[in-house]
Structures are given as structure tokens and as C-alpha cells.
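Protein chains in written order, with full-length UniProt numbering: chain A, 1 to 368; chain B, 1 to 368.
In case anyone wonders, no lab produced these hints; they're calculated from the structure.
Be careful, since some hints might not be right.
Identical copies go unnamed one by one, so any copy, or any two together, can satisfy a pair.
As a list, the in silico SDA-like pairs of lysine to any residue whose alpha-carbon atoms are at most 25 Å apart [unchecked claim]:
no., residue 1, residue 2
1, Lys35, Pro173
2, Lys36, Met308
3, Lys140, Gly258
4, Lys35, Lys149
5, Lys149, His5
The primary structure of each chain is shown beneath.
Number of protein chains: 2
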Amino acid sequence: MQTLHVDLADRSYPIYVGAGLISQGELFARHVAGKKVAIVTNETIAPLYLESVQRALAAYAQTAIVLPDGEAFKTWETLQLIFDGLLSARHDRRCTVIALGGGVIGDMAGFAAACYQRGVDFIQVPTTLLSQVDSSVGGKTGINHPLGKNMIGAFYQPNAVLIDTSTLTTLPPRELSAGLAEVIKYGLICDEGFLAWLEEHMDALRSLDQQALTYAIEQSCAAKARIVGADEREAGVRATLNLGHTFGHAIETHKGYGAWLHGEAVSAGTVMALEMSRRLGWISTEDRDRGIRLFQRAGLPVVPPEEMTPADFLQHMAVDKKVLDGQLRLVLLRRMGEAVVTADYPDETLHATLSANYRALVGQLGEQ
Amino acid sequence: MQTLHVDLADRSYPIYVGAGLISQGELFARHVAGKKVAIVTNETIAPLYLESVQRALAAYAQTAIVLPDGEAFKTWETLQLIFDGLLSARHDRRCTVIALGGGVIGDMAGFAAACYQRGVDFIQVPTTLLSQVDSSVGGKTGINHPLGKNMIGAFYQPNAVLIDTSTLTTLPPRELSAGLAEVIKYGLICDEGFLAWLEEHMDALRSLDQQALTYAIEQSCAAKARIVGADEREAGVRATLNLGHTFGHAIETHKGYGAWLHGEAVSAGTVMALEMSRRLGWISTEDRDRGIRLFQRAGLPVVPPEEMTPADFLQHMAVDKKVLDGQLRLVLLRRMGEAVVTADYPDETLHATLSANYRALVGQLGEQ
């Protein structure tokens, strides 16, 4: 087991990473102050892991709140089910909410913990690779509103995060790959040593080697903690976490949400960011191809949808949150392991990037 | 105009108190960072003061969100109307929410500001005496849930509080008196000098003398800020703010919410706390009668409902939040201007207090 301490704002909390952690009652006990816990999970995860977590928490009075699965249920109506469950079981301010599931469960259970009686204790147990490396750090919680995603929420830090790498054995391989896109991202934006490690251990990760997973998750969370700690308000360096996301969001929006997984769009979007960084003379063709190969080996798409024109991209990218005073800011690589956020590039470089023939470009690399 | 600085947790904010403040655009401008404001108010207050506030904020793009009036609407459904209004008008993270109304509006608009895009700026403009002296300090925001009052919410501090004493000219006299119950409370629990000032100026307050109101509100907010600042988590001294509330809640619950106004129940409840403090030998009969006279002069009831038996009181008080390990903790006066929270009293003194003939006791004082 690895333990990482996240130090943000007025509180610090540990992230434990290792195989089999959800069965370790002692780990939970360190962070449960009262006598009652409420486990919030969904219909997919409950049959797999709820019983293990309940056994680990046998010393406490328990309530299990099982929600429907999916982003479509990240709504007030579902949140209300959590409050109903907490109030019906007469949980008071000393209760601890435990989020057992992926990003949607973490966001909703975290927001419920932030609001219930104006704030109760909260432990995250993320069960997807994406939520383990992304939502564990940063304290963003919330729900969607019919007029916008993640519009209602709170910044609320957990008391602890338990990342049990063995829960990834039940994760669909496509979702494992999607999570790896964000893992690779951390290497590209801030840690070339980690990038090299990923190249050596990609096969181990995809075959669920627990030791390799533990290391990769711990490095990813540590990278995010460093970046968020340096820029909690997203004024500067935090935006580098969005490498590939501006191009990627355009792909997601164009294809309709859900057609491409978020990590898949980030993968193809990052290839475009690599190509643009190369055209600006910041990274070499070898660097670009090194990135592409790593995404390929993670089982991810590296070519944007062929029907998407530069005009399609520009249209979707114009509404991106990173547009400031009409200037489209992009996250690009100054060199491998160092990202920058910039609006200072020739328009023709962007257009050339959007017009590039990625299929041909990737074809030259040969199949892996 | 008086300015009081409240220094709580990680931020400090000013409370401005004076006549005509809602027309002073410059005061608002000090605390509006962006270009857009959303004014949240209700159907009772909007015809009286919305236009003045809108004129004062003429320099900003504005959205007015007018909610139905009353505690019955302090629900998620009404809160959703605020989010709908904010999102329809495309307010972003730089918007400022302005709460114009009493405690219900302040609680709901404050909670909306806490959650909208994970937190936006927020200015309180309380228009009832109760909200001016009670909700302006402490940062409690929230809504009711069908299974409990104030169960969903956040601690969220405003950027500023503008208390315009001239809004009290349109407040129903019964509600003014109810607000005065809380003002008197501050004198009783922590400031005998203020108590003496109230005795001298009660008539001026009830006839809406703006200078007297400004002073009384400023002293009340300062007292609450001192107490909350010393004990944000309500572990000790903050509980003294509940003087008269344990007996008062029993009255409210017994009569059904709304039959007695909160301040009216606090008044009669505080008379019982004075009587018990006298029976314990902590204050004199003269002290007790001094308190009773002041509540009477504020236009408040000083005799609990005659049909309520000691058993009625005990039943309702047993579920009070101040019960700790089965011991009923009460807020009593050690002397005039000094409250204590204690479970250390003979049961027979409590019973004698509940059985006392308050009508006879008050009758001896003669009519004022």
C-alpha cells in the first residue's frame, strides 16, 4: 500500500492506494469519527463490492443507499434519494458518508456530504481508474442541471480516499483504457520520468498488475495534487490538466456525449495537441510519435473522427471555457513533460493542425 | 451609517447599518466584482424595494428572481427557481447574488450562491429585524427537507451585509416585536450595558427611530459576531445564543409552527429561563422582573400558553438538540448580562419553573 498526503487549503487528507483495501476495516476506522456510516453506491457496483465494504465497517451502524447507474442520474432527484436515506435512518452531524463507485457516485455523494446538516465527514472509495486518478484530488463535487453540466456543487475535501486497485479487475477494458488516457496525460504535462516508466509498464498496467497500477495511480494523484495545490482557483497552471481536452471536447460534442468515452476523446485530442506542439517547433516528430504510440498501446483511439472538418472543430472549441476575450487558449507541450497554456500561436498553425491527415500520420508508425 | 467588521474563519466582511442604504449604489459597488448581478427576493418584498435596489445597481446587467413568500417555500423546488434564473440569464462564476428579504430569502439565496458553479459572490440585504440581527452573522444557509428543518445547507459567508433600517417601516409591528426579542436576548446573555440602553430606548425602537435602530442592530450583530467567533462549531458559548429557545421551541411545537412567531415564543421562553435562574439564586426577583418588563414594552407575550402542562414542556424539550447523553442542558443566566449552558441543576427546580403561575407572577408587575 502507498500513502499519499494531499495538502489543500485548510485541510490535509491521505490517499491510500493498494490491492484489497476495501476489506481493511482498520483503514476506514482511522477516518470515521462517529458511530454511523452511510454507504452510497450504485446498482452496478453494489453486487460487486457493497458486501465487502459492509463487512469492513461491521463495527458501525450502517445505511446502504443504492442509486441507479449513469451520468443521466447525476441530478437533484437522485441526490434527494441520498438525503432521504440519511434522514430516514436519522443520521446526525457525526455520520460519515462513504462514496463507493466511479466519478458520478463520488460527485453526488460528496455533494450530499457537503450539504447534509451543513457538512458531514466523507470518505471516497473510487472504483474506476478515471475516478481514482482524476476525482480523488481537487474536491470538486456536484450535480448536473438541465441547463448545464456540473452547474450545482461545492468544493469539499474528503477525510480520506481509499483506492483499491483490485476493483479494476471488474472494470470493462474499454473504461480501463479511458482511465489510462488521463494517466498518460500526467506524464506528458509534468513528468517525463513517469512517461518513460509508463512506456516500460503499459503492458503490466493493461494486464492489471497490482503493483504497477498502485504506482501509476499514486504518481497520477501526486501530480494532480502538486498542480492543484499550486493553483486552486484554476488561474494558471491548473489549466494544463486539460491537455487534449479542448480538441477532445469538440470530438465529444460532435459525436454526441457517450459515443466516445471521455478518455478516448482526450487521447485523440492529445494527439492533435502533440501535432500542434510539433508544428510550433516545440517538440520533435519523434516526441509526437512517442506519445501516439503510448496511447495506442493503452488501447485508445489516436485519430479524430474522419468526418470532422476544421470548421467543426473551431465551432465547438469557440465555446470552450478557456476562451478569454475571444482568444482561444490551448494547452500545448513546450517539451515532453512540460505543458503550457497559451493563446500566442499563429492561426495558420492551428488550422494546419486541424487539417492534418491523422490517419496517414499514424499509419506511418506501423501497427503496434 | 455604522460599519461593523465580522472576522470569521478564512474571511472577513463588513456589515453596514443605517437608513436608506439600499439606494446607495456605491456601497454595493464595493462588493460586486463582475458585471452581472442576480437579485433574489419574494413577492412581498419585490413591490416595496426591488426597484430601489435595481436603480442602485443600474451599472450592472441584472436578473431579478422573485420567489413565493414564506417558510413553506424554503424547499429544493424553490431553490431550483434560483438556479433556473441564473442559468437562463447565463450568469457565470463572476456573478453576484443579492438576497433581498427576510431570513427565508437569505437562507435560500445564500445556499444558491454557495452551490452555483461551486460558489459565487453573495451580498445580504436583510429586510426584517429578525434577519438583520440573527442571520447577518454566522454564515448558516440552507433549505428544509420534508423530514427536517434546515437539514440541507452550507456554511457560506457573504461578501457584505447591507442593513437598511428604513426597510423596517414596512415591517408588520408584530414582526418588529418578534425581532426585538432577539435584540433583548443579546443584552441578557452578554451585555448588561446594552440591556440598560434598551430600557432607555425601547419606545424609540418601536416608533422606528432610525438612529436607535441602527445602534441596536449594530450592537446585536457585534454581540453575535463575538460569540460565534469564539465558538464557530457550537461547542460551548455559542449555545448561549439559544437563551429562551429550549422553552420557546416547546411552545412553538405545542402550538403548531406559525401560531406563535419564533420571537414571541423566545420571549415567553426567556421569562421561564429568568424564573429558573432566580430559583437557582443566580439572579434576583428584581432582575427577573426587569427582563419581563422589557419584553412587555417590546410588545411581546411573557406568559407561556396556559394550557401547557409541565409534562407537555418536558416531552417537547426531550428532543431538543441540547440534550447530551440524556441530560437536558439549559441556557440560564448566572447574572444579568452573563449566560451559561448547564445540565447541573436540581430536577425539582426545573419542575417548579415549569409549574409556576406566570400569569399571577406577571400580574404583580402591573400593566405597563
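Checked hints:
1. In the homo-oligomer, the alpha carbons of Lys35 and Pro173 never lie at most 25 Å apart, since the shortest distance is 38 Å inside one protomer and 47 Å across protomers.
2. For the identical chains of this complex, Lys36 and Met308 are neighbours neither inside a copy (52 Å) nor across copies (36 Å), given an alpha-carbon limit of 25 Å.
3. Only within a single protomer do Lys140 and Gly258 lie at most 25 Å apart by alpha-carbon distance; the minimum there is 22 Å, versus 39 Å between protomers.
4. Proximity of Lys35 to Lys149 under the C-alpha cut-off of 25 Å is restricted to the inter-copy arrangement: shortest distance 23 Å between copies versus 35 Å within a copy.
5. Neither within a single protomer nor between protomers do Lys149 and His5 lie at most 25 Å apart by alpha-carbon distance, with minima of 30 Å and 37 Å respectively.
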